[in-house]
Structure formats: structure tokens, C-alpha cells
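A.B. asks: Dock chain R against chain U, hints included.
2 protein chains.
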Amino acid sequence: MKRSRSGRRPGNPDTRESILAAARNLFAERGFDAATMRAIGAEAEVDPALVHHYFGTKEKLFIAAMQFPVDPQQLVAEVTAGGRDEAGARLVRTFLSIWDSPVGAIGASLLRSAVSNEWTLKLLREFLTTQILRRVLAELQLDPAQAQLRASLVVSQIGGLAFARYILKLEPIASLPSEQLVGMIAPNVQRYLTGELDTSGSAAA
Amino acid sequence: MKRSRSGRRPGNPDTRESILAAARNLFAERGFDAATMRAIGAEAEVDPALVHHYFGTKEKLFIAAMQFPVDPQQLVAEVTAGGRDEAGARLVRTFLSIWDSPVGAIGASLLRSAVSNEWTLKLLREFLTTQILRRVLAELQLDPAQAQLRASLVVSQIGGLAFARYILKLEPIASLPSEQLVGMIAPNVQRYLTGELDTSGSAAA
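Chains U and R, in that order, are what the protein sequence lines are. Residue numbering for the first sequence follows the numbering used here, beginning at 69 and increasing consecutively. Residue numbering for the second sequence follows the numbering used here, beginning at 69 and increasing consecutively.
Excised from the complex, chain U in its bound form:
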């Protein structure tokens, strides 16, 4: 099944696509941690060595499988560079700078297809959890007992910001300059990251 190659991309495009499809299946079904490179090779019916050869690490394979437009590692570095106290503002700013850029359209279409497709949703949740949130939590050294909770609260605000600004296009949030949004939204994200959280469930009113 070998084809002649003209580009600089190594390997057979069919093989590459088979591996990507197999990776999407196994990441969605088993999760990132349990889906081994060996199992992905087997599912794609190629030698596991080829999986490594084409994609390097499992992380890089996941990024390629998601067609994720930016390197999560670089994104995490930007968010955490100022330490815990700046993380709220940096998170909102980094997020808006990606979505306001040309690659933001990829984010919107990913969000759209995730909402209407259970399988894409599983993949997105797995990607968000293992490739982004897990790293942000480790970098910021949050109390592990509350880290997952704080991360999911942050997603509730950032996901809703994406929905209101880019999908629902609700004014004025849809057209405000991003720095104004950072000023208004960052304190709420910062509270989710490092503020007091009343988890007792005994709120008044």
C-alpha cells in the first residue's frame, strides 16, 4: 500500500490517518492515561514503533488527533508564569488572545461539534483534563484536595465566556476589548483558583 511521497512529512498519509483515528477512538474510550501507544498501534494495525516515529510522544499524538491549534504546554506556561496571584488575569487574557486570533475559529467549531456529539465531547473533556488542567494545577501547586473542584469552576467561567462572546454573541460582552473583559472577569477566576470557597452548602437566602 506504499505511495510515492513528495512532501517533507514522513510516512504514508494513510498510515498517519489510521493512527490518528485509532488515537481518537482509544482516548475517548479508555482515557488518555490508559490508552497506550502500543494499543493505539494495534487498533490502527501498524507497528507501535511507527506510532512513535510519526508522532513522538503520546501528548503530541493527542494534540494532532484533536487538531488543537496551539501547544498546550506553551499555553500553560503563559498562564502560570506570574505565579498563583496573577493566574486569574493571565488565564482570561491567554484564553481571549487565542479565541480572538484566527485560530479561535477552530476553537468555536470544536466547541460546536462537542456540544452536539457525545464522542467529541468525551475527547474534549479528556484533552482539557489531562493536557491543560492537570498541568495548570501542578504548576500552581494548589491544594490537591480542592484542585479538581477549583479547575472545574474555572472551566465553568471560561467556557461560559466563550459561549457568551463567540457563540451566543451577547452584547456588550461580544464586542468589548479583551483587556476590559480581563479586568472584569479575572477577579472571579482568581477567586475560583485561590479564594475562599464555601463548600458547606449552607448559603443563606
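The set of hints was computed from the structure by calculation and includes no laboratory data. Be a bit skeptical, because a hint or two may be false.
The list treats identical chains as one, so a pair stands whether inside a single copy or across any two.
[Said to hold, decoys possible] Below, simulated DSS-like cross-link-like pairs (lysine-lysine); rule was C-alpha separation at most 27 Å, straight line:
1. Lys237 x Lys126
2. Lys237 x Lys128
3. Lys190 x Lys126
C.D. replies: Just chain R now, with coordinates in the frame of chain U:
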């Protein structure tokens, strides 16, 4: 085109459906305020008096057209009953009580179809703006200069909560008892409603 009737619903079901379809079209195209009952009747090719006869007010027609599972007026009353200072907690609680109930599934399917369909999205935005937000803002007597901004920020949090809990099903936010979520999320919603908002865009970091 008259059919025999057996139920207690007045009028011809074809006529009812024509009016509902016409209403959806005009509310999406012209907006709620500009779409008159007369224009909706004309679009449906029925006497405007029939539109009033079947649906009463334009508000009730909009609720029927959206198949909205609860009465927005009652919803707004619940949220604003405790005045401005309790509105954050009441808003999160009311919202969760609806979504956690059997009718919540209708909300999820409305959100799903809005995200993938521009026309449904327009209708949802128009409904949210004219039937819910406008009333909440009036009841709470927020400064009109900032009212729309505050409302859109609230939507960014509440919409994101729906996304994280019911669609993405991100843990632990997906399974926490609603009163715990109220305790954690209400202060952020309250800040959007009545807190200081830095709109200068000169946030540090």
C-alpha cells in the same frame, strides 16, 4: 381546511402551528420588539385576531414558540424576591433547580441546537434578552448604564455552569449537590450583579 376537534385546545392545530412557525421566523429576523402580532398573523396568513385568540399576549406566544419549559415571569419573581443582595444566590439556585428537574433536559436540548444552528441561536438570544434579562434588570433597578454589561457577565457564568455540569459533565461540578454549588458560585454572580467592575482595561499582570 377545518378539521374536527376532540381536545379542549381551541382552534385548528394547523393554524396554531402556522402561527408558531411565523412567530419563530419574525422573532429571529426582526427581534421581539419589532415583530408585531399583526405581522406574525400576516406571515402565517391568518387573521391577527386569531393570533390573539390562540396565544393572548406576544410574550405568551414567544414562550409557546420556544417551547420554554417554565414561565419566565415566575422565574424572574423567584430570582428577585430577596432584593439585590440575595439575587446572586437566588439566581444560581433557581437556575440549578430547573436544570436538575425533569424539564432540564429541554434546556439542554435547546442549548445543543442553539450551538449548532444560527437561527435557533438568534431566537434563544432574543428570548433570553427580552423575556428574562430585561425583567431581572428592571426588578433589581440596576444602573441602566451598566445593566446590560452586568447581565451579559452573569450569562457568561450561568451559561458556563450549564455547559460544565450538564453537557461537558466535568467532575466534580457535574455531581455536586446544588446547594454546594450555590455557595461557591453565588458570590461570583453577585459581584457581576452589584460589585465593583473595573472597566478601565488597565488590569495589572
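A.B. asks: Take the hints in turn and mark each one as holding or not.
C.D. replies: These are the hints, each one checked on the structure:
1. Within a single copy, Lys237 and Lys126 get their C-alpha atoms only as close as 36 Å, which misses the 27 Å cut-off; across copies the closest is 24 Å, which meets it.
2. Taking identical chains as interchangeable, the C-alpha atoms of Lys237 and Lys128 lie at most 27 Å apart only when they sit on different chains, with a minimum of 25 Å there against 33 Å within one chain.
3. Proximity of Lys190 to Lys126 under the C-alpha cut-off of 27 Å is restricted to the intra-copy arrangement: shortest distance 17 Å within a copy versus 41 Å between copies.
In the structure shown, no violation is registered for any of the earlier numbered hints.
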